[in-house]
Amino acid sequence: MWHGVIPAVTTKFTQDDGLDFKEMERCFRYLMDAGCDGLIACGSLGEGPLLSHAERIEVLKLTKSVTGNKPAILTVAEAATRDACALAEKGARAGADGLMVVPSTIYHSNHKETVATLRAIAAAADLPVMIYSNRLAYRVDVTTDMLEELADDIRFVAVKESSDDIRRTTEIINRLGSRYDLFTGVDNLAFEALTAGAVGWVAGLVVAFPHETVAIYRLIKAGRYAEALDIYRWFRPLLDLDVSTYLVQNIKLVEALVIDSNDRVRAPRMSLEGDLRQRVEHVVKTALQNRPALPSFA
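In numbering that gives the first Met the number 0, the protein residues as written are 0 to 297.
These aren't lab readings, by the way, just hints derived from the structure by calculation. Hints are not guaranteed to be accurate.
Here are the simulated lysine to aspartate or glutamate pairs, EDC-like style, with alpha carbons at most 20 Å apart [what the hints assert, rightly or not]:
1) K220 / D262
2) K284 / D229
3) K69 / E57
4) K69 / D144
5) K111 / D82
6) K69 / D36
7) K21 / D259
8) K89 / E57
9) K69 / D15
10) K21 / E57
11) K63 / E46
12) K284 / D259
13) K63 / D19
14) K220 / D180
15) K21 / E54
16) K89 / E46
17) K284 / E272
18) K60 / E112
19) K89 / D36
20) K284 / D239
21) K60 / D36
22) K89 / E54
23) K89 / D125
24) K60 / D125
25) K21 / D32
26) K63 / E112
27) K21 / D262
28) K63 / D15
29) K60 / E88
Keep in mind the model is a prediction, meaning the values are calculated, not measured.
With the sequences and hints as input, model every part of the structure.
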């Protein structure tokens, strides 16, 4: 159902901490024009947990206005299942094409609780669901056993696999075949996951480098691994910025430096300063000095 490069977009703020719809529209269109296959709104990178439900729905509506006939997916990541179901229902009414669901963000649910939460959210919206498994960030591991248990509900269509264990990709495919559209959610494991059978990439640094991200994906799917690997190796220092406590600040600063956006974030986050900022600036400067020419892959 879903495949390709689907960016987890950043949420843009005005200087007085409101939503900057004009800048979001510009950035979102840039991604779609570069060949991305949909957009995911209000995820971790999109600072979703720091937005009100009303703000998240407004960002979703803007996202859908840009994606057109490609999917606009709303992230649901709430501490309480009740609140997650309420947001899922609002997203469905607002025109979401699907949901990306984090099982629990505060309480670290067990197997039974995790499965029950995912089922409840899927039922509340009655939309296609991408299960977001990220045991490092959220401490809840949606295991292959859980995926097998959930496979009887056709609303669960995809998995964003972010366990940081590349072996999990093969494990899921070996156990469940093509039952789920398997996406990699770790930028600096993308080449490895896509060559192991993942059909999509929920990407972060794509927001500043969409053409390179799309090129890697399409070259891999065309079997042109050496060309994809050359770009990926160049990209790796940038992709490493996605695997960090400061991933939001890192990537927004990259957007500011590369596509002339801004790095405003919502408190308690603060924009990078000092050594942290200089490190990102150095990585970007080095990458731009050596930016590769992209081959044709049409």
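(request) Give me the numbers of the hints this structure contradicts, sorted from smallest to largest. (result) Violated: hints 1, 4, 9, 18, 19, 26 and 28.
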